[in-house]
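Please build the complex by placing chain B with the ligands on the supplied structure of chain A, with the hints as guidance.
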Amino acid sequence: MAPKVKILSNYFGIDQAWTYDFYTGHGGYETAKKVLVEKQPDEVTAEVKASGLRGRGGAGFPAGMKWSFLAKPEGVPRYLTVNADESEPGTFKDRAILEWDPHMLIEGILIASYALGVHQAFVYIRGEFHLPEVHLSQAVEEAYAKGVIGEKCLGTDYKLDIVVHRGAGAYICGEETALLESLEGKRGYPRLKPPFPAVSGLFGCPTIINNVETIANVPWILANGGAAYAALGTEKSPGTRLFSISGHVNKPGVYEEELGIPLMTLINENGGGVRGGKKLKAVIPGGSSTPVLTPTECETITMDYEALAAAGTMFGSAGIIVMDEDTSMVEVIVNLLHFYAHESCGQCSPCREGTGWLHRTMKQLLKGQGTADDVEKILDIANQMEGRTVCPLAAAATMPTRSYLTKFRSEFEALLPKLAGV
Amino acid sequence: MPKIIIDAVEYEVEAGQNLIQAAASVGITIPHYCYHPGLSVSGNCRMCLVEVKGPRGVMAQIACSTPATEGLEVMVNTDTVKKMRQGVMEFLLLNHPIDCPICDQAGECGLQDYYMDYGLYTNRSTVPKVKKNKVVDVGPLVMLDQERCILCSRCVRFCDEVTHSNELVIAGRGEKCRIQTFPGKQLDNPYSANVVDICPVGALTSKDFRFKKRVWFLSTAKSVCTGCSKGCNIYLDHEKGQVYRYRPRHNAAVNDYWICDEGRLSYKVLNENCLQEALIHGEAHPYSTVLERAQAAIAHTLEKHGKVAIGALASPHASLEDNFVLQDLLGQVLGPDQVWGPAHQELGSSDDFLRQADKTPNRAGLAFLGISTDPEATQKQLANPELKLLIILENNCEEAAFDQLLQTHRPTLIYLGSKQNRLAQKADYTLPITNHAEQYGSYVNSEQRLQKVYRALLPSGDAQPGWQALLSLLKPQLKATPSYSDVEDVWGQLREKIPALKGLSFYELPEDGLSLLPTETEVLVAEEVGNV
Ligand SMILES: Cc1cc2nc3c(=O)[nH]c(=O)nc-3n(C[C@H](O)[C@H](O)[C@H](O)COP(=O)(O)O)c2cc1C
Ligand code: SF4
Ligand code: SF4
Ligand code: SF4
Ligand code: FES
Numbered sequence: 001m002a003p004k005v006k007i008l009s010n011y012f013g014i015d016q017a018w019t020y021d022f023y024t025g026h027g028g029y030e031t032a033k034k035v036l037v038e039k040q041p042d043e044v045t046a047e048v049k050a051s052g053l054r055g056r057g058g059a060g061f062p063a064g065m066k067w068s069f070l071a072k073p074e075g076v077p078r079y080l081t082v083n084a085d086e087s088e089p090g091t092f093k094d095r096a097i098l099e100w101d102p103h104m105l106i107e108g109i110l111i112a113s114y115a116l117g118v119h120q121a122f123v124y125i126r127g128e129f130h131l132p133e134v135h136l137s138q139a140v141e142e143a144y145a146k147g148v149i150g151e152k153c154l155g156t157d158y159k160l161d162i163v164v165h166r167g168a169g170a171y172i173c174g175e176e177t178a179l180l181e182s183l184e185g186k187r188g189y190p191r192l193k194p195p196f197p198a199v200s201g202l203f204g205c206p207t208i209i210n211n212v213e214t215i216a217n218v219p220w221i222l223a224n225g226g227a228a229y230a231a232l233g234t235e236k237s238p239g240t241r242l243f244s245i246s247g248h249v250n251k252p253g254v255y256e257e258e259l260g261i262p263l264m265t266l267i268n269e270n271g272g273g274v275r276g277g278k279k280l281k282a283v284i285p286g287g288s289s290t291p292v293l294t295p296t297e298c299e300t301i302t303m304d305y306e307a308l309a310a311a312g313t314m315f316g317s318a319g320i321i322v323m324d325e326d327t328s329m330v331e332v333i334v335n336l337l338h339f340y341a342h343e344s345c346g347q348c349s350p351c352r353e354g355t356g357w358l359h360r361t362m363k364q365l366l367k368g369q370g371t372a373d374d375v376e377k378i379l380d381i382a383n384q385m386e387g388r389t390v391c392p393l394a395a396a397a398t399m400p401t402r403s404y405l406t407k408f409r410s411e412f413e414a415l416l417p418k419l420a421g422v
Numbered sequence: 423m424p425k426i427i428i429d430a431v432e433y434e435v436e437a438g439q440n441l442i443q444a445a446a447s448v449g450i451t452i453p454h455y456c457y458h459p460g461l462s463v464s465g466n467c468r469m470c471l472v473e474v475k476g477p478r479g480v481m482a483q484i485a486c487s488t489p490a491t492e493g494l495e496v497m498v499n500t501d502t503v504k505k506m507r508q509g510v511m512e513f514l515l516l517n518h519p520i521d522c523p524i525c526d527q528a529g530e531c532g533l534q535d536y537y538m539d540y541g542l543y544t545n546r547s548t549v550p551k552v553k554k555n556k557v558v559d560v561g562p563l564v565m566l567d568q569e570r571c572i573l574c575s576r577c578v579r580f581c582d583e584v585t586h587s588n589e590l591v592i593a594g595r596g597e598k599c600r601i602q603t604f605p606g607k608q609l610d611n612p613y614s615a616n617v618v619d620i621c622p623v624g625a626l627t628s629k630d631f632r633f634k635k636r637v638w639f640l641s642t643a644k645s646v647c648t649g650c651s652k653g654c655n656i657y658l659d660h661e662k663g664q665v666y667r668y669r670p671r672h673n674a675a676v677n678d679y680w681i682c683d684e685g686r687l688s689y690k691v692l693n694e695n696c697l698q699e700a701l702i703h704g705e706a707h708p709y710s711t712v713l714e715r716a717q718a719a720i721a722h723t724l725e726k727h728g729k730v731a732i733g734a735l736a737s738p739h740a741s742l743e744d745n746f747v748l749q750d751l752l753g754q755v756l757g758p759d760q761v762w763g764p765a766h767q768e769l770g771s772s773d774d775f776l777r778q779a780d781k782t783p784n785r786a787g788l789a790f791l792g793i794s795t796d797p798e799a800t801q802k803q804l805a806n807p808e809l810k811l812l813i814i815l816e817n818n819c820e821e822a823a824f825d826q827l828l829q830t831h832r833p834t835l836i837y838l839g840s841k842q843n844r845l846a847q848k849a850d851y852t853l854p855i856t857n858h859a860e861q862y863g864s865y866v867n868s869e870q871r872l873q874k875v876y877r878a879l880l881p882s883g884d885a886q887p888g889w890q891a892l893l894s895l896l897k898p899q900l901k902a903t904p905s906y907s908d909v910e911d912v913w914g915q916l917r918e919k920i921p922a923l924k925g926l927s928f929y930e931l932p933e934d935g936l937s938l939l940p941t942e943t944e945v946l947v948a949e950e951v952g953n954v
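Chains as they are written, first to last, in this note's numbering: chain A, 1 to 422; chain B, 423 to 954.
Everything labelled a hint here was simulated from the structure, so no lab data went into it.
Be aware that a few hints might be false.
[Said to hold, decoys possible] Label pairs and their in silico Cβ distance ranges:
1) Thr943(B) with Gln40(A): 49 to 59 Å
2) Asp373(A) with Thr500(B): 19 to 29 Å
3) Thr500(B) with Ser137(A): 33 to 43 Å
4) Asn588(B) with Val37(A): 24 to 34 Å
5) Asp934(B) with Pro62(A): 51 to 61 Å
[What the hints assert, rightly or not] Okay, derived cross-link-like pairs now, BS3-like style, lysine-lysine, Cα gap no bigger than 30 Å in a straight line:
6) Lys39(A) with Lys159(A)
7) Lys556(B) with Lys363(A)
8) Lys418(A) with Lys505(B)
9) Lys554(B) with Lys377(A)
10) Lys418(A) with Lys729(B)
11) Lys635(B) with Lys802(B)
12) Lys363(A) with Lys634(B)
13) Lys841(B) with Lys729(B)
14) Lys377(A) with Lys551(B)
15) Lys802(B) with Lys407(A)
16) Lys505(B) with Lys377(A)
Backbone N, C-alpha and C fix where the C-beta goes; we use that ideal spot for every residue, glycine too.
Only chain A is shown next, with the shape it has when bound in the complex (with noise of 0.2 Å):
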């Protein structure tokens, strides 16, 4: 077996990984003043094409081919915007990075920053990452102080200003266009698209927004090659990721592994199984958001973009939710569903009234106070919602109501009275 490859985990855990003088210390930054003095900006983005990377927020677009969309219209400022806002429920990956390696974000903002052409990065760090926030912002001074970024980046022409900027306690900021709305300084709505942020972006320029966990592979691809990091994972789904893996398992944690391991690996091995040996009931493979799969499911399905979109459901942030056999599903759709409504940012009929009614309706249900056709009217419910709306917050909260109402119909129905004659 070829030795286990780890690209952003490496130093998870120690005591001042996230200080200059340690990242440095362990071959910090080197990456980067090779690229800014021996390569052009779109050899970068030719390099990044060829890894493969996709984007680690949750729709897994590949990153050059991104990047490559970017406008370019003279005398125009092109802006990097870097996603930390990670909300998702069963994701905490981002953070690690944040905690532990901030040095070698900062390190990945100013490559990509450097292949865009852009001067002007942003962070938009979720509001209650205090910790995070506190690494982050202390790297970015030490980085200024240190010549990495600002007038002159590591002693080449290139300028670049970092700017970190905290949330302030919406799920749906991490949505890319409500993200910009709110660095702006606007109440968090997303936006309608066309245009998109590669055209029109943050106060109108050409933006390119980024996943923390993506910018963060970047040192790594433009160190090794592109070549390299496609050689991970599998063909579709290259490299590696950060599994957060949370619920009924004795081991939750951030582990870094290629993709297409087998998600039972995972729970297993990483995660050290089920809690209390008890038996599987459902998993969440990728953050609250995803379908749902039963343990069948689970026995052979592989954590990559192919396997889990096959199996009907998504990788999203490869946030994984384990549950064991005591767990009421109503219980957890209702819990999810009151998130969603809670975090709907109410733009758009069908999701803010469709949120609060799912929530009500299901909660209802739960109490034994439900009617005989809530099954059918929920799905329906859902069913007007999805696909009909400005972002997909709305079908972020219907798919997973589908998936728990069809995978664990009876469950939902042994609470309902039952249908005259049936």
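Chain B with the ligands only, in chain A's frame:
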């Protein structure tokens, strides 16, 4: 012009429109709430969802943010589309109080209207409705019912984009979202009540209008606001001789979709102090008596002191027709130099949007007729001790200086006005005339735009259109009586005497008015001629 296909039929439409506009231009209505042509596209209500054919098959898409470009193919009436509309209606009504019986919007409500077409007609909800604040005093003119609000954000966008005063905001998230003013702010900009018009439901209501009248009892006339020289186009809503409200009428060249609050409330003068009877020294007398006595006074003055002893004041409040007839008839009787413009300015607050400092609707009309609008010139005329009789058309002047001028050497006053004002009381002879809601007529605004009003109300009491009253008054002095029987006849004269109106008639005057400024070609031609 791009060709688009709607429900398998090809249409040619204007370039640069969105699908809602393009469809409307060929008579197809796509239901919508948040879209408003005077505001940015927000795309939040999702009522305008239609099916669009694209490279990846048929997709649901909102029409308001879909540009009507060449080759666009859409379906606006399929079962899927209807189901989507029904779905959106269900969501919008889910937490709506449905208090139509006590709601002022009933009868002109977007929810009611589309519900008839796309309602589900059964209530599937088994959970209690979300409660919000039903009586929020957001500003001096506007009341908010947060429960009726469908959060289309039109009102917020109005305050952000049109008045740039940013009073309103949507606070909260999800189903707790609600409209409110920013802390410490009031919705009190000079255009605040426009939010009432653009609110598609009964969430924002006018304090002035609410609970006064069911809208289906109202009749509507196209008119023009006479509050200032801007001449904003309006709908005048009335019932049984009473005017209930003004609402803005779209005119891209004048007021777009808006009117100011001051103008909006200026309808009130139409209901108050209408002069109904003819007066002598402030006392009511039969119309014919007053008319005869006034005629006799004119005849007497002419005989005794000659033409120069009589003058007439044209009015920036009266219509172009009234002023024209005043000028025309008195010109015949006295000669052209005895008709003067107003003796005073009537100024008020203004801004760079709609409100004009000149609070009269037709000063430019006087200038257009060639009547001087220089107050000093008129004051000089009035100060002339030789002046023995003065005919005054519609005049609200409250200036003490004006009174004084008339007092120093008190000429006989014949007043033709629509209001029970000081002049009506003071004049020797007062004849009631109609106001702009009671007559057909036209006005020239500060941008040289000729705009017409339609008669909405029957004249109160004995009032007659100003031109008609003038004709009766001066009849004995005229060599040949002009045969004016209606405003169209007046226009017959107007177009003969005023070259700019050649070939036009009152009824042919476009609803959105006519610019009297020379067109670009006319300017060019004039320059050419000048150069030769
Ligand atoms: C409701 C919602 C919440 C999201 N939250 C996050 C988030 O917290 N962090 C993140 O990186 N992406 C989030 N995304 C995805 C972003 O919109 C965007 O796709 C991503 O940041 C792009 O980066 P990537 O291409 O590197 O993945 C969210 C999307 C939606 C619809
Ligand atoms: S789908 Fe929901 S969260 Fe997204 S824009 Fe619409 S209302 Fe806001
Ligand atoms: S807003 Fe419309 S639907 Fe609602 S109560 Fe008023 S009239 Fe009825
Ligand atoms: S108050 Fe009226 S205009 Fe404003 S958001 Fe609500 S429904 Fe729309
Ligand atoms: S009119 Fe298009 S979404 Fe509201």
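Verification of the supplied hints:
Against the hinted window of 49 to 59 Å, the Cβ-Cβ separation of Thr943(B) and Gln40(A) comes to about 56 Å, which satisfies the hint. The hinted range of 19 to 29 Å is satisfied by Asp373(A) and Thr500(B), whose Cβ atoms lie roughly 26 Å apart. At roughly 54 Å, the beta-carbon separation of Thr500(B) and Ser137(A) lies outside the given 33 to 43 Å, and the hint is violated. Between Asn588(B) and Val37(A), the C-beta spacing of about 49 Å breaks the proposed range 24 to 34 Å.
Our hint of 51 to 61 Å for Asp934(B) and Pro62(A) holds, since their Cβ atoms are close to 53 Å apart. The hinted pair formed by Lys39(A) and Lys159(A) meets the criterion: a straight-line CA distance of about 16 Å does not exceed 30 Å. Of the supplied pair hints, the one linking Lys556(B) and Lys363(A) holds, its CA atoms being roughly 27 Å apart against a limit of 30 Å. Among the hinted pairs, Lys418(A) with Lys505(B) is consistent with the structure: their alpha-carbon atoms are about 28 Å apart, no more than 30 Å.
About 26 Å separates the Cα atoms of Lys554(B) and Lys377(A), which keeps this hinted pair within 30 Å; it holds. Restraint check: the Cα-Cα separation between Lys418(A) and Lys729(B) comes to about 100 Å, which exceeds 30 Å; the hinted pair is violated. Proposed proximity of Lys635(B) and Lys802(B) is contradicted: the alpha carbons are some 49 Å apart, above 30 Å. The hinted pair formed by Lys363(A) and Lys634(B) fails the criterion: a straight-line CA distance of about 43 Å is larger than 30 Å.
A threshold of 30 Å between alpha carbons decides the hint, and for Lys841(B) with Lys729(B) the separation of about 29 Å falls inside it, so the pair holds. In summary, the hint linking Lys377(A) to Lys551(B) is supported, as the alpha carbons are separated by about 17 Å, within the 30 Å threshold. Taking the CA atoms of Lys802(B) and Lys407(A), the gap is near 94 Å; set against the 30 Å cutoff, the hint is violated. With a C-alpha separation of about 15 Å, the suggested pairing of Lys505(B) with Lys377(A) holds against the 30 Å cut-off.
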